[in-house]
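K.L.:
Residues 1 to 375, numbered by our numbering, are exactly what the sequence shown covers, in order.
I should point out that these hints are in silico values taken from the structure, not numbers from a laboratory.
Even glycine gets a Cβ: it sits at the ideal position worked out from N, Cα and C.
Some hints could be false.
Below are the DMTMM-like pairs computed for lysine to aspartate or glutamate, each with C-alpha atoms no more than 20 Å apart in a straight line [as the list claims (entries may be wrong)]:
#, residue 1, residue 2
1, K367, E323
2, K139, D79
3, K57, E68
4, K316, E330
Label-pair distances were calculated between CB atoms; the ranges are [said to hold, decoys possible]:
#, residue 1, residue 2, range
5, V240, P268, 36 to 44 Å
6, K3, E184, 23 to 31 Å
7, D239, P268, 24 to 32 Å
8, P266, E136, 52 to 60 Å
9, D145, R373, 25 to 33 Å
10, Q4, P364, 25 to 33 Å
11, M39, K260, 39 to 47 Å
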Amino acid sequence: MSKQLVDTRPIWIDSSAQLAELCARWREQSAVALDTEFMRSRTFFPLPALVQIGDGKHSYLIDNLAIEDLEPLRELLLDTRVVKVMHSCSEDLETLERLLGAVPEPIFDTQIAAAMTNMGAGLGYAATVHNLLQIELPKSETRSDWLQRPLSESQKNYAALDVAWLPLVYGMLLKRLRELGRLEWLQEDCAALVQSARNPEPPELYYLRVKGAWRLRGKQLAALQDLCAWREREARQLDVPRNHLLKENICLSLAQDMPKYAATLPRPGLEGKTLRLYGDTLLQIITRAAEREDLPPLLPQPLNRQQGDALKLLKKKAGQLAESAELPPEILVRKKELEALVQAGKPQLDGRLLGWRQAVAGEPLLKYLTQLRNS
Numbered sequence: 001m002s003k004q005l006v007d008t009r010p011i012w013i014d015s016s017a018q019l020a021e022l023c024a025r026w027r028e029q030s031a032v033a034l035d036t037e038f039m040r041s042r043t044f045f046p047l048p049a050l051v052q053i054g055d056g057k058h059s060y061l062i063d064n065l066a067i068e069d070l071e072p073l074r075e076l077l078l079d080t081r082v083v084k085v086m087h088s089c090s091e092d093l094e095t096l097e098r099l100l101g102a103v104p105e106p107i108f109d110t111q112i113a114a115a116m117t118n119m120g121a122g123l124g125y126a127a128t129v130h131n132l133l134q135i136e137l138p139k140s141e142t143r144s145d146w147l148q149r150p151l152s153e154s155q156k157n158y159a160a161l162d163v164a165w166l167p168l169v170y171g172m173l174l175k176r177l178r179e180l181g182r183l184e185w186l187q188e189d190c191a192a193l194v195q196s197a198r199n200p201e202p203p204e205l206y207y208l209r210v211k212g213a214w215r216l217r218g219k220q221l222a223a224l225q226d227l228c229a230w231r232e233r234e235a236r237q238l239d240v241p242r243n244h245l246l247k248e249n250i251c252l253s254l255a256q257d258m259p260k261y262a263a264t265l266p267r268p269g270l271e272g273k274t275l276r277l278y279g280d281t282l283l284q285i286i287t288r289a290a291e292r293e294d295l296p297p298l299l300p301q302p303l304n305r306q307q308g309d310a311l312k313l314l315k316k317k318a319g320q321l322a323e324s325a326e327l328p329p330e331i332l333v334r335k336k337e338l339e340a341l342v343q344a345g346k347p348q349l350d351g352r353l354l355g356w357r358q359a360v361a362g363e364p365l366l367k368y369l370t371q372l373r374n375s
């Protein structure tokens, strides 16, 4: 496939019959490029506005707002014989799950593939296309209203370009990964993205994201867990952003104080309408948390000086391992994973440090940390 064979002009699809015919054709291919446009400024969930498909020759814009029967598209995305090529796809997976009740599989994320071929971590789509194809892409519509109809010609052209060059990029990165023996690495990481999109983190674990939660103990931590879980469920049900419902620092403040009476609930950020709507509920949550016997385990404290020194050395070692493997350090191991190793009384590998990373980074880092502790 060459650049000359790619027609970047958008083809608009707004009928069920058109979509069904095209999806049947695409299911005969080994891979298709896939992207979405969505809006999310005032909602919890993304509002799907457009689905783009690139087949290597043309770019199709699927108007999900107009098409009544999207089942052929759902079947295409779930057809495991067809690789879905995407770039930095986490939010797109969430959008497609919202639109179709399905997460595409298998996927090939070209951002991850670019990192695994040592092009750099977190490379944007435009930078990837420029790096591989020497083509400049416009950035004029990144903040467009994609729910408006009709879309402007500028919007359509921009959306079409998001998938026009992906098949070529895919072919080049696939070849490089095979030459490096890293295609299975890519497949493993992409499968993890699919599983994460299908199985989002349960509300009961959202308290772990709160900055400063390590300061809490016992009933306070239980209160924070319950407040964050309630906020997560309520935000999903009302389809509003979490912080529009209740800011994270308010959850932390309430858990710290454990107020027993309505008069002690108000504080900056919890007043007026918010207090009237949710004051009684928040007080009930805190009261129940105070009676809990199944308390969450204590959270790791900030690193002490000795641990901080160990983290610096471990981070340096990780950098050396990444350089040796010709990988960006960010894709090999994350800072929070290094911190977890340093903080653990008996360090062990889990999560991302298993799989292909175990031999490349996990085991060498574990061995190095053991040496540091014994020296």
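K.L.:
A separate judgement is required for each hint: does it hold in the structure or not?
P.N.:
So, going through the hints one by one against the coordinates:
This hinted pair checks out: K367 and E323 have alpha carbons roughly 18 Å apart, not beyond 20 Å. A hinted pair counts as satisfied when its Cα atoms are at most 20 Å apart, and K139 with D79 does not qualify at roughly 32 Å. Using a Cα cut-off of 20 Å, the hinted pair K57 and E68 is violated, with the two alpha carbons roughly 26 Å apart. For the given pair, K316 sits about 12 Å from E330 by alpha-carbon distance, which is consistent with the 20 Å threshold.
Checked against the hint of 36 to 44 Å, the pair V240 and P268 fails, with Cβ atoms roughly 20 Å apart. In this structure, K3 and E184 meet the distance hint of 23 to 31 Å, their C-beta atoms being roughly 29 Å apart. About 26 Å separates the C-beta atoms of D239 and P268, a value consistent with the hinted range of 24 to 32 Å. Evaluation of the 52 to 60 Å hint for P266 and E136 yields a pass: the beta carbon distance comes to about 54 Å.
For D145 and R373, the hinted distance range of 25 to 33 Å is not satisfied, since their beta carbons lie about 56 Å from each other. Taking 25 to 33 Å as the suggested C-beta distance range, the pair Q4 and P364 does not conform, at roughly 46 Å. Checked against the given bound of 39 to 47 Å, the beta carbons of M39 and K260, roughly 42 Å apart, stay inside it.
In this structure, the hints that do not hold are numbers 2, 3, 5, 9 and 10, in rising order.
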